[in-house]
Amino acid sequence: MSTFVLPDLGEGLQEAELVAWHVAEGDHVVADQPLVSVETEKAVVEVPSPQSGRVARLCAQPGERVKVGAALVEFDEGPRADTGTVVGELAAATAPPVRAAEAAPTGAAAVRATPAVRALAQRLGVDLKIVAASGPGGAVTSADVERAARALTDAGPAEPLSGVRRAMAVNMTRSHAEIVPATVSDEADIDAWPPGSDTTIRLVRAVVAGCAAVPALNAWYDGRNMERRLIKQIDLGLAVDTGDGLFVPVLRNVGGRDAADLRRGIEAMKRDVRARSVPLAELRGQTITLSNFGMFGGRFAQLVIVPPQVAILGAGRIVPRAVVADGKLVAHRLLPLSLTFDHRAVTGGEAARFLKAAIEELERPE
Amino acid sequence: MPSAEKIVELPLLAEAVHEPDVVARFEIRYSRFLDPKGNALRPLPDFAAGPAELVALYRGMVLARAFDAKAIALQRTGRLGTFPSALGQEAVAVGIAGAMRKEDVFLPSFREHGAQLWRGVSLVELFLFWGGDERGSNFAEARQDFPICVPVGTHAPHAVGVALAFKLRREARVAVCAFGDGATSKGDVAEALNMAGVWQLPLVFVINNNHWAISVPVAQQTAAATLAQKAVAAGIEGEQVDGNDVIAVREAVGRAVAKARAGGGPTLIEALTYRLSDHTTADDARRYRSDADVSPHWAEDPITRLRNHLVGRGIWAKADEERLLAEVSAAIDKAADTYLATPPQGAETIFDFTYETLPKDLAEQRRAASGAEPE
Amino acid sequence: MSEINLVQAVNLALARAMAEDGAVLVLGEDVAAEGGVFRATDGLLQRFGPDRVLDTPLAENAIAGLSVGLAAQGFRPVAEIQFTGFIYPAIDQLVNHASRLRNRTRGRLSCPMVVRSPSGGGIRAIEHHSESPEAMFAHIPGLRVVIPSSPARAYGLLLAAIRDPDPVVFLEPTRLYRAAREEIEDDGAALPLDRCFVLREGTDITLVTWGAMTRETLGAADTLAAEGVSAEVIDVATLKPLDTDSILESVAKTGRCVIIHEAPLTGGFGAEIAARIAQRGLVSLLAPVERVAGWDTVMPLPRLEQHYLPSEARILEAARRVLAYQ
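For the record, the sequence lines run as chains R, X and W.
Per the numbering used here, the first sequence starts with residue 1, numbered consecutively.
Per the numbering used here, the second sequence starts with residue 367, numbered consecutively.
Per the numbering used here, the third sequence starts with residue 742, numbered consecutively.
Pulled out of the complex, with its shape left as it was, chain R reads as follows (with noise of 0.2 Å):
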């Protein structure tokens, strides 16, 4: 920082009045520039600028009166900016710029049609997915999404899917997506029951049996963070058939209650599911499903289970049956089983020896 001050103007005079400044700060000015022009009792003087530099400060206003020697202008040598330009004005930003992506694989291909053709699926109703495209390149055409409408027409009009029906819709797709089902199945010899048995109990008593044996199968499935909890209570879903759809109420429990306590349980549940009165909270919460389908038909099945569980046992309809017994070929009664895990957390050995536990605790007379 210097101080440039007012020169001796000559001729005796001890102060001048300030003109005007041709100068302003910031400016850059070279040796011998006029910065001012200040008026003496003569004449109007400029005052050219001793030095080249910035000027920092003009230290007086046009109209007063400054002294010679007293302070006129400031400068300063600081660098100047560089603008990185000679016209306009360049925004410098710190943050840097956005890296392209890795380019991603692409997805499967889209229903090709172009927008008319679009356009007349949707005035026609016609879900494009379903549409066969007959169009180059595989594009779907006016004339095929017209064929398709009137294959519709003969068919019966559509019914969007609602309560039970529905929520059954959307558990068997989220299955579907989750579990990794296998299923292994043999059948029981219940000759020796003895009449009036309670299929259900028998059942229940050989899920049981079988989560004693193998308590892997009592358990829930977290796949996205991998994670198996065993649970020690069986709470046993019990698939049940209405005509309004498949309920799975759950009984609590079961390992630890006995076959009276459970064949109320059981009604109880019947009668509040036929209302339509089950808690919702009596629908949740099974740790292991029991599916007689037996009771309507069929021998075995691959069943579906619900996550978080991995297993649902199915049994099949009590038929006799040629066996060999004792070197003998004689007519048994059956219980067909099929035992469907979800081998994601369960292995076909587990499986196995749950099974066999549930057949033996089935073959026993009593």
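There's no promise every hint is true.
Below, a sample of chain R positions facing chain W; criterion: calculated Cβ distance under 8 Å [said to hold, decoys possible]:
#1 Thr114
#2 Pro115
#3 Val117
#4 Ala119
#5 Gln122
#6 Gly135
#7 Pro136
#8 Gly138
#9 Ala139
#10 Ser142
#11 Ala143
These aren't lab readings, by the way, just hints derived from the structure by calculation.
All figures in this text were calculated on a predicted structure; none of them were measured in a lab.
Positions of the beta carbon are idealized from the N, C-alpha and C atoms, including for glycine.
Use these hints to put chains X and W onto chain R, whose structure you have.
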């Protein structure tokens, strides 16, 4: 078969002095009337005999410089866009304009503010233009003058067209085209000089040679010893003047304009001056020239020179100077205030002058730009 | 009435405009005594004199630039650029000045000038004589770009261009200069600018084109008609400002569009038309919009020229591809 006796004895080349005939020569004259201190070096032209014209020229230069300073001050405070100062070059602009008639047409480059102001472009209009508003080029006066020209030298062919229009209509009007030393390297300028010459147009070209084309000094712009001699190639007259002597500029341009008006054809005048400022407010000339290079040129200041001359002749006194500075300062402050108080044009004006009548697709864009709902 | 070809129609329009308006000037290289290398300005010097028909020195940039100066002073200059191969130096004056003068002076100065030039290939010429630069000009705000495709449209559109208050680039298809003859009434009637011309009405496919390619396109339309396909042929004529509505109306009717131009494909003006159809006519489309254009190469010398110019066969291929979307 040629006869042996008929063969003429030809002098051998080595023996003869082989001097091709000179078929063309040129000379370039340089004129100046005042030395840097303002002393008259030769008898002054008629217009400089009395005070009126000289005082007008002085006032024009002072106004130009004050406008320049204000423009820079406004740019510094973010209220004006990039501005090309004409500091030190006031005599060229004012000398040109002082020699023109109202009915003539001026085609500036971008460093002749003093000429534009003299010819009736208002301070407000200049502030508006450099402040980034097209209305600044819609001059209320000087309606046929061209606006400034950014692509260097490309207005030289426009001047040809304007001068040709005058000639075809047999009007006693002259076109004056100003450009810098850099422009003389441009094809446009060569083409324009050539056309002006072949058609003998009423056209005066003035080179505002301030020695710098941004960072390139004129010595690196051309091998020609003078820029004026580029006229020779076009078959027209060229001369140099001291561009910091407003009397010399005014005299030379006046002579050329009179010649053109009388049907005598075009002239190229090279006015030698110096760019005391940076190329623009965004430029820092210290990147390519030193302060020590610039300082000596302050001694050639055209305003100081003429003032000293006027004071020396008793035409100008202290009171006159004070009065002028106050007047100029007030006028400029007032104009700056008016400019700063002028709101920008509406967004729709972006479209309104693209064609005489707005075409349909542009009308849609105009609606979108003004924030209206699409139809 | 006289039966004349396209270049004669240009000559007729120039004479007409010059007779009606003393401000109209013709200038360029070899336009006066020679009457233009294609005879477009034939006879004008004799009829209107050297103050109206001016030979300029050889300087395309300055020809355009001085036209700006003349136009600003109230003349209506019609500048000839001898071949569009030489128009490029003039682009500076057209882009930086002619197209902007009105805007940058807020209407104080304006530029009613016309630059006309023989354009396009197929005339077995040497290098640089077969250019199709229309897309470059169509990109510039403030210009008009007009391309006639017949003698009658050349007459009517050139008159309109000369009378227009804004700068017009008028590209005359060299290949059509002497191609066909038509009866033209020299009645001074201008055709509308900024409008397409429907050369043939149709219902199954829209063929959009301009300039010399209208011939091949009409030929393709004939062939399609013989196959039972009804093609609508649109001559854009004014590329800028574009009459989008006419094109969209046609595509809404047919659902199929093929655009044909001689200029190279990429960045060609067909892309602009296709983009507008995509923006505002997408729902009408039954098939993709196709373009048949010059390859993205320089026009080859005469021995290979026929491989470059879009042929009727190429147009038909494209048409059949879009017609396959039934």
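Close enough to count: is the Cβ of Pro115(R) nearer than 8 Å to one in chain W?
holds, 5 Å
Hint validity - Pro136(R) Cβ closer than 8 Å to any chain W Cβ:
holds, 5 Å
Restraint: Ala119(R) near chain W, CB-CB cut 8 Å. Satisfied or not?
holds, 6 Å
Going by Cβ atoms only, is Ala143(R) closer than 8 Å to chain W?
holds, 6 Å
If you take the shortest Cβ to Cβ gap from Ser142(R) to chain W, is it below 8 Å?
With a closest approach of 7 Å, the Ser142(R) hint holds.
Just to be careful: measuring from the Cβ of Gly135(R) to every Cβ in chain W, is the smallest value less than 8 Å?
Nearest chain W Cβ about 6 Å off; hint holds.
Proposed interface contact between Val117(R) and chain W, which counts if any beta carbon pair is under 8 Å
The hint holds - Val117(R) has a Cβ within 8 Å of chain W, the shortest such distance being about 7 Å.
Proposed interface contact between Gln122(R) and chain W, which counts if any beta carbon pair is under 8 Å
violated, 11 Å
Given Ala139(R) was flagged as interface, is its beta-carbon under 8 Å from a beta-carbon of chain W?
holds, 7 Å
Status of the Thr114(R) interface restraint (C-beta, 8 Å, chain W):
Since the shortest Cβ distance to chain W is 5 Å, the answer is holds.
Cut-off 8 Å, beta-carbon criterion: hint that Gly138(R) touches chain W
violated, 12 Å
When the structure is compared with the earlier hints, violations turn up for hints 5, 8 and for no others.
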